[in-house]
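*Asks:* These are the residues of each chain, in order.
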Amino acid sequence: MKKDVQQQIEQTLNSLHGVQRAEANPFLFTKIKYRMRRQHAEPVLPGQWSLRLALVMVTVVLMNAFTIENLLKNKLDETDVAAVAAEYSISLPEAY
Amino acid sequence: MQESELIASLKEGNEQAFEELVTLYKDKIYNTALGFVQNQEDAEEVTQDVFVKAYQNIKEFKGESKLGTWLYRIAVTQAFDLLRKKKRQKRSGSFASLFNKKEEQIELAHFYHPGVAAEQKEMAAILFKAISQLPEQQQAVFLLQKLEGLSQQDVAEVMKTTTSAVESLLHRAKANLRKNLEAYYQKHYK
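Listed in order, the protein sequences are those of chains A and B. If you're matching positions, the first sequence starts at -16 in my numbering and goes up one per residue. If you're matching positions, the second sequence starts at 458 in my numbering and goes up one per residue.
No lab work stands behind these hints, which were simulated from the structure alone. Incorrect hints may have been included.
What the hints assert, rightly or not - Here are the simulated BS3-like pairs of lysine-lysine, each with C-alpha atoms no more than 27 Å apart in a straight line:
id	chain 1	residue 1	chain 2	residue 2
1	B	Lys543	A	Lys(-15)
2	B	Lys578	B	Lys544
3	B	Lys547	B	Lys617
4	B	Lys636	A	Lys(-14)
5	B	Lys578	A	Lys16
6	B	Lys485	B	Lys578
From a predicted model like this one, the values you see are computed outputs, not experimental measurements.
Produce the entire structure from the sequences given, and follow the hints as far as they go.
*Replies:* Below is the structure:
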């Protein structure tokens, strides 16, 4: 049996003797060209996405700036009212 | 067109030169890729990758080796990249199989090379299976020599190594193949 196994191994190792080269798809070049054109056209999509992302980020920043500005404005208004009240000795109503 | 002219035209982005390159080397690259990935669809994908990469990187080709050698080198790299990607997918697949029994069977089927004589097909399929279990460098050396018929010198240039290193890798590849095949036949003779 050992001899049989050794013989099988040798035959298997030699089974690629005289192998013919496999042939590629005859339309390979067309396929490659199509693939390259598609790859070339693809960067448009990430570009569009980054433009959208930039717009969203600008909107968020503007909204934050608007909110902060409003908050500061409200704080200033309160300070002004307090100053006028102190000058004319008016007591301001306190909220409980 | 001479190789130097072809390279110059390729560097200028000449589409006709690119077509000539594909026509000249497509079978060689496809056959090489097929030996590694053992699947016709994947071999075609690798072949396409090789030519796209060659077109994109031709400006970096310094002419230190033959154009064919450079293409074989890209083919070997691309083929192993694809195999590694598949292994990673298989690993994540087997994790998924803990939860889904249907995803368990991802084993490669027996591969029948179209260029092998009919009476040798079964044995060659067993050999290809054994080749796929070899370490990468041993696989590369064995396939480039036995399937593509490259000389040890050419294999050394593709692998960017010496002929003695190729000889040693080939020796180890054959020893490992014998071991793998012995285990296979002993199991199947019982």
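*Asks:* Now look at each hint and say whether the structure bears it out.
*Replies:* Outcome of the hint check:
Under the criterion of a C-alpha separation no larger than 27 Å, the hint pairing lysine 543/B with lysine -15/A is inconsistent with the structure, at around 37 Å. Distance check on the hinted pair: lysine 578/B and lysine 544/B sit about 26 Å apart at the alpha-carbon level, within 27 Å; holds. Pair hint lysine 547/B plus lysine 617/B does not hold up; C-alpha atoms about 30 Å apart against a cutoff of 27 Å. A hinted pair counts as satisfied when its Cα atoms are at most 27 Å apart, and lysine 636/B with lysine -14/A qualifies at roughly 15 Å.
For the proposed pair lysine 578/B and lysine 16/A, the alpha carbon gap of about 34 Å is over 27 Å, so the pair is violated. Only pairs whose Cα atoms come within 27 Å are accepted, and lysine 485/B paired with lysine 578/B is accepted, the gap being roughly 20 Å.
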